[in-house]
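Given these sequences and hints, build the entire structure.
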Amino acid sequence: NAGVTQTPKFQVLKTGQSMTLQCAQDMNHEYMSWYRQDPGMGLRLIHYSVGAGITDQGEVPNGYNVSRSTTEDFPLRLLSAAPSQTSVYFCASSRGGGAYEQYFGPGTRLTVT
Amino acid sequence: AQTVTQSQPEMSVQEAETVTLSCTYDTSENNYYLFWYKQPPSRQMILVIRQEAYKQQNATENRFSVNFQKAAKSFSLKISDSQLGDTAMYFCAFADTGANSKLTFGKGITLSVRP
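First to last, the sequence lines map onto chains V and U.
Count along the first sequence starting at 1, add 281, and that's the number in this note's numbering.
Count along the second sequence starting at 1, add 757, and that's the number in this note's numbering.
Rough simulated footprint, nothing fancy, chain V against chain U, three-plus residues with beta-carbon under 8 Å:
1) 801-814
2) 852-866
Derived lysine-lysine pairs resembling DSSO-like cross-links, with alpha carbons at most 27 Å apart:
3) V/290 / U/859
4) V/290 / U/864
5) U/859 / U/812
6) U/859 / U/827
7) U/812 / U/864
8) U/864 / U/827
Hints listed in this document are in silico derivations from the structure and should not be mistaken for laboratory results.
Glycine included, C-beta positions come from ideal geometry on N, C-alpha and C.
The structure is reproduced here in C-alpha cells:
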C-alpha cells in the first residue's frame, strides 16, 4: 500500500494564479481531510469529506475548493492564490472521523509570491 | 468550540532521560478522544498515542505514556528513555465522538533530544 500520496511536494505560485493540490489514498478510507500548517499555528482544518460526493468546511475554508468524486481522491483547489496561502498543506485519511487514527500524506510546501 | 493549548513552544532533554510534554484542552463534551501526533524533521505526521476519555486507564505505547486528568482537562505525554529519534514536533489533538468528528490540534511543541 502506498498509503496517502500528495503531489506536488513543492510549488511556487504567483499571486492570482490557480492550482490544484492532488491527494490520493489506497486504504479505502471514507474520511479525508486537508490541513494547512503554519509556524506557531499548529494544523488547521481547511475542508473535509466523509465519503464520495460529500464535503464540508473546516476552520479555514476561504480561498479553497474541494470535491470528492471517488473514494480514493480528494483534490484541493486554490482559486486565486494569495501570499497568505503560503503554507505547508497536508492531506489525511481515516476510516472514520477525527476520532480515528489519521494517516497523513508527506505534505506540499506552497509558496505564493 | 473545542480548544487545545500547548503552552511550551520548545523543550530539550538529554538522551536516555524522561521528559513530559503538557497539553490542556477545553470542551463541554463528556466523551471524546485525545491524541499525540509526532512530526519529525522529515515532516511526516504519525500517531504516537490515543486516549478515549471514558477510559480511566492511561494509554501507553512502549516508551510513551499519557497522564490523563479528565477533571483538570489535562493530557500530558511522558517519553521515557528518550532517544535521538524522538527529536520532533509533537502535537496534542482533540476529537469529539461521531462519524463526522473533526480533529483540533494544538500549536505544537518542538522537542530536542541531546546526545
